[in-house]
Amino acid sequence: MAMGRATRMLIGLMVALLLAPFIGNDYLVSVLILCLFNAYLAQAWNIMMGFAGQLSLGHALYVGLGAYAGGALFFHYGTPPWIGMIVGAAIAALVGGVIGFLGFRFGVKGVYFALLTIAFAEFTRILFDHFTWVGGSSGLYLPVVRADHDNLLLLRGRPAMFYYVILGLSAAVFLICHRILGSRLGYYWRAIREDQDAAQALGIDTFKAKMAAVMLSAALTAVGGVFYAFYTNTLYAESAFAMHRSIELILGAIIGGMGTLFGPILGAFLLTLLGELLTRLAENFGHGFEGVKQIGYGLILLVIIALRREGVWPRLAKRLGLDGEKAS
Amino acid sequence: MSALLAVDGISKSFRGLKAASAVSFELDAGAILGLIGPNGAGKTTVFNMIAGVFPPDEGRVRMDGRDITGKRPDQICRAGIGRTFQIVKPFGGLTVRENVIVGALASCKTVADAEREADRVLDLLGLADKARQPAHALTLPDRKCLEVARALATRPKLLLLDEVMAGLRPTETDRMVAIFRQLNRESGLTILLIEHVMRAVMALAQRIVVLNTGEVIATGTPEEIAADQKVRDCYLGEEAA
Ligand SMILES: Nc1ncnc2c1ncn2[C@@H]1O[C@H](COP(=O)(O)OP(=O)(O)O)[C@@H](O)[C@H]1O
Ligand SMILES: [Mg+2]
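As given, the protein sequences belong to chains A and B, one line each in that order. With this note's numbering applied, the first sequence covers 51 to 378. With this note's numbering applied, the second sequence covers 709 to 949.
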């Protein structure tokens with residue numbers, strides 16, 4: 051059956067990913083970390099837009115909140131990032147809840163809601179740039195320990211450890227999405243995405259369901275932000291809350307296929323690999339090629355919108371004989 | 709004995725234009741009431757006020773003796789009122805079955821129960837062979853049918869049907885009429901239907917309310933309505949022409 055086939059492919063993919071650090075070199079691992087990190091974020095964003103149909107263009111807000119919550123707690127109190135993740139997730143859920151409340155209670159819809167999310171992200175970026183407790187504009191540097199020793203509790207160690215952490219987080223968010231999609235809430239979200247009036251007429255409390263989507267998406271995104279802080283060790287409000295991050299994490303989901311489970315992962319991998327390739331090219335050719343990555347992203351997005359609105363995944367799923375998979 | 713649904717003097721204006729004015733009628737449990745009138749008479753507006761899309765400017769709506777005026781559509785649904793939309797609103801990206809499951813979730817504790825309920829309703833409405841199709845691929849008659857299926861899956865006490873037979877072929881209309889008759893007889897489903905297809909209204913409704921320019925101009929049995937001169941002038945006459 052199709053479902054068994056999908057599961058088998060998934061297990062195969064997982065095994066390959068588990069073995070990758072043993073086969074590839076450090077460079078490959080670093081690229082894969084980036085792929086998985088972007089896949090994680092794309093999947094978290096997809097909950098809000100792909101499942102529940104609520105467009106957020108300011109998701110870097112939650113990445114940044116998570117990064118700073120986890121980073122600052124560790125910097126000041128030595129708090130393990132795993133606790134930082136809980137705190138960051140809670141803060142992000144709260145902020146997401148405020149944005150959702152404002153948007154959904156006062157009927158701010160579509161583009162205007164998306165603008166609201168950008169406004170919050172930009173506002174918070176400027177706020178953190180002046181927030182001296184987290185380093186202000188001179189940045190927050192997490193203490194680095196000797197790199198030959200892995201400390202999983204404090205997330206200090208070698209790239210391979212970070213690789214397995216982000217692989218685990220990505221697998222977890224995938225499973226969470228899979229479970230929710232088949233649940234009552236998943237049906238509610240997809241109904242709201244397709245037609246909110248009809249959803250409401252069928253007894254769905256659309257306000258509550260949309261709040262759940264925003265808060266869960268925000269919380270999961272913040273967990274990714276904590277990972278980001280500990281992986282990069284350096285936090286600048288300028289980059290943690292960067293608008294381009296909001297855009298990039300959306301692009302992956304759009305290119306792969308919004309609303310699907312595999313689309314965001316596939317899209318994030320494609321986009322990250324392309325970005326890496328273009329960055330390399332730009333380095334080799336030197337000056338004048340700095341913007342080539344952004345141009346590449348722009349072009350691939352144009353191609354997708356022109357040729358395959360629903361993204362790469364749905365068609366690929368059909369090719370692979372996986373139509374049984376919940377691609378809706 | 710109180711009515712299942714009591715509509716008491718509800719009015720609604722849109723930018724000064726009175727779409728419904730002081731509309732009143734009652735509906736006993738197990739009854740079928742037809743709401744007819746020319747285009748723009750305010751029928752859908754009355755439905756929307758009952759279903760909670762917008763509150764009436766004045767007047768009350770009571771269901772089961774409880775005041776439901778101004779409640780949200782989802783609360784109205786949970787109060788036991790299911791509705792269809794005149795301009796159909798399928799969840800296009802979901803399959804036909806998933807559409808109905810969403811409705812069934814309102815009346816079922818678990819997703820598995822909702823799936824079973826959805827399959828039962830799909831069978832009842834003859835949509836079972838299209839269950840796996842995406843809803844956007846359905847023809848208009850099937851979409852109308854899906855509207856009904858979704859609303860029925862919520863297991864309402866009262867079903868509001870807004871021109872579900874419009875655009876159906878006579879055989880399809882007859883089948884739909886038969887289904888509503890059966891539901892009414894066997895499960896005591898109360899129905900309020902807006903309908904232009906007169907043979908459906910005459911076949912189903914025990915009583916008819918006629919709206920014209922937002923006002924109730926006649927109430928009575930199908931025979932009384934058919935004989936009413938005012939109604940013939942403003943509505944039935946135009947239909948016969
Ligand atoms: N949401 C709305 N906004 C503005 N005007 C409306 C709205 N709904 C209905 N109307 C107006 O109210 C009048 C009655 O419409 P409606 O209730 O749809 O009539 P019917 O269903 O009997 O054909 C029409 O003039 C229509 O244009
Ligand atoms: Mg109408």
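A couple of the hints might just be wrong.
[Unchecked claim] Using 27 Å as the maximum straight-line C-alpha spacing, the simulated DSSO-like pairs for lysine-lysine come out as follows: (1) A:K159 - B:K865; (2) B:K726 - A:K368; (3) B:K865 - A:K258; (4) B:K797 - B:K817; (5) B:K838 - B:K817; (6) A:K258 - B:K726; (7) A:K159 - B:K779; (8) B:K865 - B:K938; (9) B:K797 - A:K258; (10) B:K838 - B:K779; (11) B:K779 - B:K817; (12) B:K797 - B:K779.
No wet-lab data here; the hints were simulated from the structure. Please read all numbers here as calculations on a predicted model, not as lab measurements.
Okay, the hints, checked on the actual structure:
1. A:K159 - B:K865: With a Cα-Cα distance of about 33 Å, the restraint between A:K159 and B:K865 is violated, given a limit of 27 Å.
2. B:K726 - A:K368: violated, 53 Å
3. B:K865 - A:K258: holds, 25 Å
4. B:K797 - B:K817: At roughly 25 Å apart (the allowed maximum being 27 Å), B:K817 and B:K797 satisfy the hint.
5. B:K838 - B:K817: Distance ~25 Å between B:K838 and B:K817 Cα, so the pair holds.
6. A:K258 - B:K726: violated, 34 Å
7. A:K159 - B:K779: holds, 21 Å
8. B:K865 - B:K938: violated, 33 Å
9. B:K797 - A:K258: Answer holds: B:K797 to A:K258 is near 21 Å, not above 27 Å.
10. B:K838 - B:K779: violated, 35 Å
11. B:K779 - B:K817: Holds, at roughly 23 Å.
12. B:K797 - B:K779: holds, 21 Å
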